[in-house]
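Number of protein chains: 2
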Amino acid sequence: MTHDAAGTSGDRRGPLTPELIAQYHRDGFLLLPPGSLAEDLLDVATAALPEVLTEDGPARVLERDGRTVRSVYGLHRSHPGIAGLTRRAALLGAVRQLLDGSDVYVHQSKVNVKAPFAGDQWEWHQDYVYWLTGDGLPRPDLLNVAVFLDEVTEFNGPLTFVPGTHTAGLLASVDAQGMPLGYEDAPAWVATLTADEKFRVRHSVIEELARAHGMVSPKGPAGSVLLFHPNILHSSAANISPFGRAMLMFVYNSVTNRPEVTGRRPDFLADPEAVALQPIGTPAGR
Amino acid sequence: MTHDAAGTSGDRRGPLTPELIAQYHRDGFLLLPPGSLAEDLLDVATAALPEVLTEDGPARVLERDGRTVRSVYGLHRSHPGIAGLTRRAALLGAVRQLLDGSDVYVHQSKVNVKAPFAGDQWEWHQDYVYWLTGDGLPRPDLLNVAVFLDEVTEFNGPLTFVPGTHTAGLLASVDAQGMPLGYEDAPAWVATLTADEKFRVRHSVIEELARAHGMVSPKGPAGSVLLFHPNILHSSAANISPFGRAMLMFVYNSVTNRPEVTGRRPDFLADPEAVALQPIGTPAGR
Chain A
1 MTHDAAGTSG
11 DRRGPLTPEL
21 IAQYHRDGFL
31 LLPPGSLAED
41 LLDVATAALP
51 EVLTEDGPAR
61 VLERDGRTVR
71 SVYGLHRSHP
81 GIAGLTRRAA
91 LLGAVRQLLD
101 GSDVYVHQSK
111 VNVKAPFAGD
121 QWEWHQDYVY
131 WLTGDGLPRP
141 DLLNVAVFLD
151 EVTEFNGPLT
161 FVPGTHTAGL
171 LASVDAQGMP
181 LGYEDAPAWV
191 ATLTADEKFR
201 VRHSVIEELA
211 RAHGMVSPKG
221 PAGSVLLFHP
231 NILHSSAANI
241 SPFGRAMLMF
251 VYNSVTNRPE
261 VTGRRPDFLA
271 DPEAVALQPI
281 GTPAGR
Chain B
287 MTHDAAGTSG
297 DRRGPLTPEL
307 IAQYHRDGFL
317 LLPPGSLAED
327 LLDVATAALP
337 EVLTEDGPAR
347 VLERDGRTVR
357 SVYGLHRSHP
367 GIAGLTRRAA
377 LLGAVRQLLD
387 GSDVYVHQSK
397 VNVKAPFAGD
407 QWEWHQDYVY
417 WLTGDGLPRP
427 DLLNVAVFLD
437 EVTEFNGPLT
447 FVPGTHTAGL
457 LASVDAQGMP
467 LGYEDAPAWV
477 ATLTADEKFR
487 VRHSVIEELA
497 RAHGMVSPKG
507 PAGSVLLFHP
517 NILHSSAANI
527 SPFGRAMLMF
537 VYNSVTNRPE
547 VTGRRPDFLA
557 DPEAVALQPI
567 GTPAGR
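Protein chains in written order, with the numbering used here: chain A, 1 to 286; chain B, 287 to 572.
By construction, these hints were calculated from the structure, which means they are not laboratory data. Incorrect hints may have been included.
[As the list claims (entries may be wrong)] Facing chain B, from chain A, some residues (calculated, C-beta under 10 Å):
1) E151
2) T153
3) T160
4) P242
5) T282
[Claimed, not checked] Per the computed footprint, the stretches of chain A lying under chain B, defined by three or more beta-carbons under 8 Å from a beta-carbon of chain B, are:
6) 113-123
7) 200-208
Source: prediction; values computed, not measured. Quick reminder that beta carbons are idealized off the backbone N, C-alpha and C, glycines included.
Chain A with its partners taken away, still in its complex shape (with noise of 0.2 Å):
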């Protein structure tokens, strides 16, 4: 079915069919072929990443190694490249279709290295909890996009979800105190951005959510596109393989639900302006 996603549901409203739509709202998450949405995602992105990754500064940061490097954010903001394809219509399309129709704009954006032999963990968490104290974003109205820019195998540490989590609400979680090993000096934001997770769901409501719903991790070749909510819970392992696995991520806000916090954290994690994107291309993104 998802090879029918971009531009042939006649739905004019988005290129994602019913059932495309009803599957997201059921598990949480919906993985799409490449070319589905837009087809230069994955070469725009992959040629904009060797500039992103070597820009030294406080968007980007390291592994636990202190070496490699593990996210740069702020991509929609320091790139107009992929700051554009945060904008091609069908992508926007597809993420209205999934919000409800609401106009949207990019509240974070990032790269996932995932290095090969390197690229740490990330522990089991759901995202929104992140948005919703660190920026005041009133309700969890939001979209993951995650373009993969490498192909995505068991062995490269994929995404795994628990699908259905996303409806579960804000769960069990202990907030870990303090900065995370090897982050000693780091700003205070920092601690939300590494392998050791700040808001640690309850390792026995982790279990009880994988037996009763299982457990799942999209894999597919470089330009899937892999759209999940912020309320999932998810986690990946580290990629101790010798290819790499980066993703690049636009989390993408109802303008509706704009931070009711601002200034706490670096405008590279918190979209300071807010503006409604408009779309470039046509909606079919070919």
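Since the structure of chain A is already known, use the hints to place chain B on it.
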């Protein structure tokens, strides 16, 4: 084919069919379903596990977190029930088939716990280099037998092989100096048992081999038995899932390949007796 592994081949020397033997020699590993070699492997091992895990002492190695049990060594010496398992006729028969009919003994045994949420990685390595440098075993005439004590899935840190690399000889590695982080006060031999491998195969070598041969993570229900060569390149990711991944491991060695170095490592890492095992039960294992 593996369903026919136990006692149906008509081969008087052991339970493995010629096809399975050929598969082992081609790939460097062989996965057999539960019950193929000895019906009670899982039950006996599972019954012994609670006692094994609570015995404090140098044969028990903790994870870097200093709390979680990583491995317990020397079980064939400390637990009569497990010693009995190592002598099950069908298991011994299969081992002898893969070691050219040689009499064998258990050079090392252990349980790797891979605890839920906490079981750490094993970096890419070959096993034989440790037995060569640590104990002076002249040749790689050994066989690893791993009994799954839990279901092994893509989520709980399965062993991952680069098939066919068992014929590549000793791969270029870097000998890590000093003690790994978290084990600074431990005896020197502990450096060979932690998440940071002492002999690290060069990343360029791993990448080249994985590109040429691919990677495989054998998965299966509890009770499955995984046989693998001491020179196959392998690793396993940390277990971030809520489900355990304990494995019981027997390392069989040919009696013609006895250690030339004795007394350097504790008895629970290198069996000093090296006496040919006599089989218990029927070769069909039922």
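How the hints compare with the structure:
no. : hint    : in the structure
1   : E151    : 12 Å, violated
2   : T153    : 8 Å, holds
3   : T160    : 6 Å, holds
4   : P242    : 4 Å, holds
5   : T282    : 38 Å, violated
6   : 113-123 : holds (count 4)
7   : 200-208 : holds (count 3)
Hints 1 and 5, counting from the list given before, are not met by this structure.
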